[in-house]
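Please arrange chain H on chain F, whose structure you already have, making use of the hints.
Same order as they appear, the protein sequences are chains F and H.
Reading the first sequence from the start, the letters are residues 1 to 690 in our numbering.
Reading the second sequence from the start, the letters are residues 1001 to 1254 in our numbering.
Since the hints were made in silico from the structure, they are not lab data.
One thing to keep in mind: the hints can contain errors.
Straight-line C-alpha distance at most 27 Å; calculated DSS-like pairs for lysine-lysine [as the list claims (entries may be wrong)]:
{"id": "1", "chain 1": "F", "residue 1": "356", "chain 2": "F", "residue 2": "296"}
{"id": "2", "chain 1": "H", "residue 1": "1110", "chain 2": "H", "residue 2": "1229"}
{"id": "3", "chain 1": "H", "residue 1": "1147", "chain 2": "H", "residue 2": "1229"}
{"id": "4", "chain 1": "H", "residue 1": "1219", "chain 2": "F", "residue 2": "630"}
{"id": "5", "chain 1": "F", "residue 1": "40", "chain 2": "F", "residue 2": "132"}
{"id": "6", "chain 1": "F", "residue 1": "266", "chain 2": "F", "residue 2": "495"}
{"id": "7", "chain 1": "H", "residue 1": "1219", "chain 2": "F", "residue 2": "207"}
{"id": "8", "chain 1": "H", "residue 1": "1147", "chain 2": "H", "residue 2": "1203"}
{"id": "9", "chain 1": "H", "residue 1": "1110", "chain 2": "H", "residue 2": "1219"}
{"id": "10", "chain 1": "H", "residue 1": "1072", "chain 2": "F", "residue 2": "550"}
{"id": "11", "chain 1": "H", "residue 1": "1219", "chain 2": "F", "residue 2": "646"}
{"id": "12", "chain 1": "H", "residue 1": "1110", "chain 2": "H", "residue 2": "1061"}
Pairwise CB distance ranges (calculated) [claimed, not checked]:
{"id": "13", "chain 1": "H", "residue 1": "1065", "chain 2": "F", "residue 2": "295", "range": "52 to 62 Å"}
{"id": "14", "chain 1": "H", "residue 1": "1239", "chain 2": "F", "residue 2": "30", "range": "44 to 54 Å"}
{"id": "15", "chain 1": "H", "residue 1": "1242", "chain 2": "F", "residue 2": "292", "range": "18 to 28 Å"}
All residues carry an ideal CB built from backbone N, CA and C; glycine is no exception.
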Amino acid sequence: MDYQTWLYVGIAGGVLSIAVAIYLYFWVMRQEPGSERAQKVASWIRGGANTYLKRLYTALASLALILGIVIALIFSFNFETIGTTGIIIEPGSGAVMAACFVIGALCSAAAGYMGMRVAVEANVRTATAAQKSLQRAFRLSFYAGAVLGLAMVGLAVIGMSVIFLLTGDAHSVLGFSFGASTLALLAKAGGGIYTKTADIAADLVGKVEIGIPEDDPRNPAVVADNVGDNVGDVAGMGADIFDSYVASAVAVMLLGASFGAGMQYKYTVIPLILCTLGTFASLLGIQFVKVKEGGKPGTSLNRGTIITCVIFVAALLVLSLLNVIETGIFWSAAIGIVTGVIIGFTSDFFTNDQYKPVQETSRVSTSGSAVTIITGFSYGLISIVPSILGVVVATLISYYVAVGNGLPGIYGIGVAAVGMLSISGMIVSADAYGPIVDNARGIAEMAGMGQEVIERADVLDSAGNTAKAITKGFSISAAALTVLALFAAYAEVVKANGLDINISLREPIVIAGVLLGALTPPLFSALLMLSVTHNAFDMIEEIRRQFHEKPGILAGTEDPDYDRCVGLAAHGALSSLLLPAFLAVGLPLIVGFVLGPNALGGFLGGAIFTGVIFALLMANAGGLWDNAKKYIETGKFGGPGSEAHKAAVVGDTVGDPFKDTAGPSLNTLITVMSLVSSLFAPIIAVFHLF
Amino acid sequence: MESHFYLSLLPEALIVSMLNPEEFGTYYAVGSSKKSRGQAMFFEVDPGYRHEYFHIDEALKRCVPHEDGRPKSSIYVSVYRVLEHIDPDALLDLHLTTQDGRTLALKASKTLPENESGLHLYQEIVPVTPLVVSRLDPLSFFDLIVKNPTSLISVPAIAFAELQLGELANDPEMGMLNNLPYSNPDHLRQCLSDVKTKFVSTKMVDRTHSPVIPYRTIKNGFFVGNSEKLRYYPMPSAETLRSENYRWFRSASM
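Only chain F is shown next, with the shape it has when bound in the complex (with noise of 0.2 Å):
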């Protein structure tokens, strides 16, 4: 089978991969929906999402228009130096990687669309399901998860290659992955800034100042809260992830069509041939996701991890054996697929309270919280350790192993972050599962479905919860072999233009470069999480009013009004984008075409560098305050309304946006400037001013 029938057999297994998708979105349709009641309260949750959905595609749509007309202008035109002063200007493909562009934005949001369409649906089935078993509630949320999952790697796997295949040019792609990104960014920011503001001023004022519990739909931020599950974790995880995956995907291929001639469209097929068969192992492995009645769903869920990447590595193997990709190339995509499960798995051990760290975190708060924050702060930072190891271990590898077979190391590392993240479609299935059941032990709640319901939905939860750790890692770490691939890739990009880089730290100018690019994620968390706190402040503002003027609310005589506090949290998380936004596409191009492309490469060192070390820290440092909080739940250090759970809340609190808002979405925004970086090399290898 030649490299081209490849292609083929991509968009088949990718239009296998959303056939099953749709699929199962129909069966999660035909489940029974439940009580009027619970009908009624998805219906508040399904309202509020669509609306900022539609606010936020409506902003997007005017972005991507705006930046694919800037696109097709820059890249109508070629851009050639010779010597030191002459330009050489010819037509070049603009059109092209517009359109290029605006399709890679188009799946990015037609993948979270379509996870945040069935897990609105999914979420009052779950809880109706729940009512008869935990076995048919934890298949329902699977499969509901597993339409994110396998919509997601379909689109991207059939998207890369039928551009590759239209246009045979890696460039093009480029282009799909940078749309596809640049919507992911805001997706994940604009998400997280939208569900902590909706989950801090709830719990701040129902829970603190009220005294209300968890999901009452007395608040009137509750429906606000279980929105922002939807659009933080469905929408926004499955964006990121589907632009981790592309990206990861491209970089190699770009490296791949920097080959000699006859290498060239070999090398830059075979990240999509990985991808295809990683596609094919989560179709496989999500048929062994299966809970018994009393089991426990957080076993299924690695079960179906684990297989998948047995059944990934096995398919390597053969493909190994029959000379389709060379031995080195299979060494590191198996590196980078075990070291990818590794590090989900260790980052579970500072977040999981049967763990020293949060226990002791928990144990601590009993001195007040001060000390709960410096403890899992610390901890954070220690967590930084095993992930870093794992991705030295894995870069090391996957570069040695390349090279012993001839090939060029970073293309190894390409290597090893496509292999971590082609089994994507399982890993965003278990994801994008942990909302689902977080709605749905909302809606169990608000529509008074009884103890056992929720003590089913509560183990269902649980397994979300871990989940979401383990998913957080692995994203964290294959961004970071993704970046390192692009920075690569984008070195090879400047080399072709006729530029000879050269990123040395004796140089000043790369040192300014390294300097400005690790301000950047430190800025952009704070931007992040100071709109979290600005829009928080009118939320509880907002509840406190509608409290006052209703005194009906509590004593349950008069509904709330949910749509201000929906409107509030949509309004302020689009409108604080902006900033961000511009920190990701307009700094690194301000610093290539004012400094040059040897500062630009110094920058994204910088940035990566640093955007790796503060997206661990905050995932891993919120986790484990969130569950230090809920480890006293339990009984512990004197459970709820003690001393110590006061602390723990203040850690909760303040972890909240460290892990759901800054710390997710830092890996898109080195991913981002990667793309950007490297997309528009070739016009500042010809123009910049140092």
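Leaving out everything else, chain H in the frame of chain F:
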């Protein structure tokens, strides 16, 4: 509309209201336009009960619906030395309302709780509010405070609750606090050690401890009585509350 009598413990007051106990609990806990809020504990009092200390009939005359037809929420009859002027036999159900307005009714029991070994922790609620540790079981404690005081300190009537001590009841020094949210646990341990090892039967942990009790910490239940009678209102187990009164249980577990 029917009028109800309520003996509120937080604060001590006799109130006439047109609201039934659940409505009154919600009104009392989450407030009205006046915005008074918080946990509430109150007995429903036999509507036929009269005592010369209270101007009940005058209050009843004032307890009429509002002009728009809404029932009258509260007419305060008395806010001073109320409990001592009420016959314990006139007390009907005890209602416990959470701070978000969910109400649980407790019925009086004819039998007192079985005596258990170990130390005890009592939260006095009316008329004064100290937190006290003791070697005495609830009946002996009541006897000491109301009927047969051995010191100058006594009260004519009392309402108190016994709180859980968990492992501290038998091992104040090393026992685990686990799910008990008491502040300043070292001081509590010291007080328990004192009553265990020294020649004192009771010791005050906190002179004016807030009588707002996390309901989940109540051990046996509530005790109310005067020199003539003692009534006991047992608290259902957490399991019973969870299965039969889930919403109240959830609010009370905050």
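Checked hints:
1. F:356 - F:296: Distance ~22 Å between residue 356 (chain F) and residue 296 (chain F) Cα, so the pair holds.
2. H:1110 - H:1229: holds (12 Å)
3. H:1147 - H:1229: holds (10 Å)
4. H:1219 - F:630: holds (24 Å)
5. F:40 - F:132: holds (20 Å)
6. F:266 - F:495: It holds: about 21 Å lies between the C-alpha atoms, which stays within 27 Å.
7. H:1219 - F:207: Holds. Residue 1219 (chain H) to residue 207 (chain F) sits at ~25 Å (cutoff 27 Å).
8. H:1147 - H:1203: holds (18 Å)
9. H:1110 - H:1219: Satisfied, since the Cα-Cα distance of roughly 18 Å is no more than 27 Å.
10. H:1072 - F:550: Holds. Residue 1072 (chain H) to residue 550 (chain F) sits at ~19 Å (cutoff 27 Å).
11. H:1219 - F:646: holds (23 Å)
12. H:1110 - H:1061: Violated, because 35 Å separates the two Cα atoms, which is more than 27 Å.
13. H:1065 - F:295: 52 to 62 Å: Given a distance of about 57 Å, which is inside 52 to 62 Å, the answer is holds.
14. H:1239 - F:30: 44 to 54 Å: For residue 1239 (chain H) and residue 30 (chain F) the Cβ distance comes to about 38 Å; the hint is violated.
15. H:1242 - F:292: 18 to 28 Å: holds (25 Å)
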